[in-house]
Amino acid sequence: MKITWESGDWPGARIEPAITHLAWVAQADRPGHGLLGVGSDSGSVGITLTDLHPTEDDNGRYNFNLRGHHSAICMVTWNRVQTKLASCDSSGVIYVWVRNDDRWSVELVNDRGVKVRDLSWSPCGSSALICYEDNFVLIGSSTGQRIWSNSFPSAITVTAGVWAPDSRQLVLGFASGNIQVLSDQGANITERSFTTDSILKLACSPTNTKDDRWILAILTSTNKILMISAFDQIDPLVYSSSHSVVQMQWNTDGSILALINSNHELVMLDREARVVHKETLALPKDKPLSALTWAHEGRAVILDFGGRVTQESAKNFQVEMDGKQVLQFGRIEGGAYTLDFRRPFSATQAFAVALASITQRLK
1 MKITWESGDW PGARIEPAIT HLAWVAQADR PGHGLLGVGS DSGSVGITLT
51 DLHPTEDDNG RYNFNLRGHH SAICMVTWNR VQTKLASCDS SGVIYVWVRN
101 DDRWSVELVN DRGVKVRDLS WSPCGSSALI CYEDNFVLIG SSTGQRIWSN
151 SFPSAITVTA GVWAPDSRQL VLGFASGNIQ VLSDQGANIT ERSFTTDSIL
201 KLACSPTNTK DDRWILAILT STNKILMISA FDQIDPLVYS SSHSVVQMQW
251 NTDGSILALI NSNHELVMLD REARVVHKET LALPKDKPLS ALTWAHEGRA
301 VILDFGGRVT QESAKNFQVE MDGKQVLQFG RIEGGAYTLD FRRPFSATQA
351 FAVALASITQ RLK
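First residue of the sequence shown? That's 1 in full-length UniProt numbering, and the numbers climb one at a time after it.
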């Protein structure tokens, strides 16, 4: 298959805004299907319906563009229980989007006029945690009511926050390297220090069904990832990266932590902080990786510039432009696929082409 652009001026040839953040959630009413939330530097929010197999609803709508933000999106995150999408822009404005029939609309807007450092829904879906740059931390209900809030002293800087898998506790990370554990009502439970480096990000795994344990991953400013399975643990497990870690996320069952770094590498760690997979993605050096998300219950990983569900691929078709390959897509095995692309395709365009081919829209 070969596609040639007749003109660089037609709308389909224009490059869309860069993707800044990704988040995926399963569709409870449609097994095997999901929703991919996409944030962009233009302020638009996208939602794309995804699946790994052909679907009978070949003529259904797959893409939704949500408008409202006036600055670049820095975070998108799903309320997995209620299927709500929260989007936060670089000025600190938070929108909560809900689906009504065949469209998405704004349910809530939160605007303190202060930038947001971290935002996450509780696993049970009833609450949200927001950490602001002025050290104000807020726990709010999914319907918009304030549950608890606190302004931390300026001498300590809140850098990250995450919910524990039981939704009854949450963890705050600080520039001092300390973590503080609070109840879902804001009561202090304990404080610990596992590093003297500033904490950049926190990621708490779901409880693993094999050993009934969760793992807290702590990313530090020295590109180390510390893993603990209890707040009273003495020595954390440590993974040291040679490059800046951009983002990390646990898979659905809490067995694998995926991360991307500034060297275009996708790295996967087990619960003992050991590398179980590592690959360097063949992407242009001027297009750094900036987002990743697990999808389809851990069977796929989607990246912001080119997706790859496994490290091996058998290409089914390719798109060429001026004699150069600009997109490859194909089935690896069963319901697993691989997608690689470059200009003039944006991530959204390439993903749409891939979905169209799966549902046999390309003949």
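Derived by calculation from the structure, the hints in this document are not laboratory data. One or more of the hints may lead you astray.
[What the hints assert, rightly or not] Cut-off 25 Å, straight-line C-alpha distance, at most; resulting in silico cross-link-like pairs (SDA-like, lysine to any residue): (1) K224 to S262; (2) K285 to S255; (3) K210 to S242; (4) K287 to Q82; (5) K287 to S255; (6) K210 to S221; (7) K278 to F231; (8) K115 to F174; (9) K210 to N261; (10) K278 to N150; (11) K224 to H243; (12) K285 to K115; (13) K285 to G144; (14) K224 to N150; (15) K287 to N261; (16) K287 to K210; (17) K287 to V114; (18) K287 to C74; (19) K115 to S290; (20) K115 to Y62; (21) K210 to N188; (22) K115 to H70; (23) K210 to H243; (24) K210 to T222.
Taking the hints in turn, this is what the structure says about them:
At roughly 14 Å between alpha-carbon atoms, K224 and S262 fall within 25 Å of each other, so this suggested pair holds. For the hint linking K285 to S255, the alpha-carbon distance of about 31 Å lies beyond 25 Å, and the restraint is violated. This hinted pair does not check out: K210 and S242 have alpha carbons roughly 32 Å apart, beyond 25 Å. Proposed proximity of K287 and Q82 is contradicted: the alpha carbons are some 34 Å apart, above 25 Å.
Distance hint between K287 and S255 is unfulfilled; the C-alpha atoms sit about 29 Å from each other, more than 25 Å. Proposed proximity of K210 and S221 is contradicted: the alpha carbons are some 32 Å apart, above 25 Å. Taken as a hint, the K278 and F231 pair is broken in the structure, with Cα atoms around 29 Å apart against an allowance of 25 Å. At roughly 17 Å between alpha-carbon atoms, K115 and F174 fall within 25 Å of each other, so this suggested pair holds.
For the hint pairing K210 with N261, the CA-to-CA distance comes to about 30 Å; that exceeds 25 Å, so the pair is violated. The hinted pair formed by K278 and N150 fails the criterion: a straight-line CA distance of about 40 Å is larger than 25 Å. For a cut-off of 25 Å, the pair hint linking K224 to H243 stands: about 10 Å separates their Cα positions. At most 25 Å may separate the alpha-carbon atoms for a hinted pair to count; K285 and K115 exceed this at roughly 29 Å.
For the hint pairing K285 with G144, the CA-to-CA distance comes to about 42 Å; that exceeds 25 Å, so the pair is violated. As the CA atoms of K224 and N150 are separated by approximately 29 Å, the hinted pair breaks the 25 Å bound. Of the supplied pair hints, the one linking K287 and N261 holds, its CA atoms being roughly 12 Å apart against a limit of 25 Å. Restraint check for K287 and K210: the C-alpha separation of about 39 Å exceeds 25 Å, so the hint is violated.
At roughly 29 Å between alpha-carbon atoms, K287 and V114 are farther apart than 25 Å, so this suggested pair is violated. This hinted pair checks out: K287 and C74 have alpha carbons roughly 17 Å apart, not beyond 25 Å. About 19 Å separates the Cα atoms of K115 and S290, which keeps this hinted pair within 25 Å; it holds. Between K115 and Y62 the CA atoms are separated by roughly 32 Å; this puts the pair beyond 25 Å, and the hint is violated.
Pair hint K210 plus N188 does not hold up; C-alpha atoms about 30 Å apart against a cutoff of 25 Å. Distance check on the hinted pair: K115 and H70 sit about 14 Å apart at the alpha-carbon level, within 25 Å; holds. A distance of roughly 32 Å separates the Cα atoms of K210 and H243; the hinted pair therefore is violated under the 25 Å criterion. At roughly 32 Å between alpha-carbon atoms, K210 and T222 are farther apart than 25 Å, so this suggested pair is violated.
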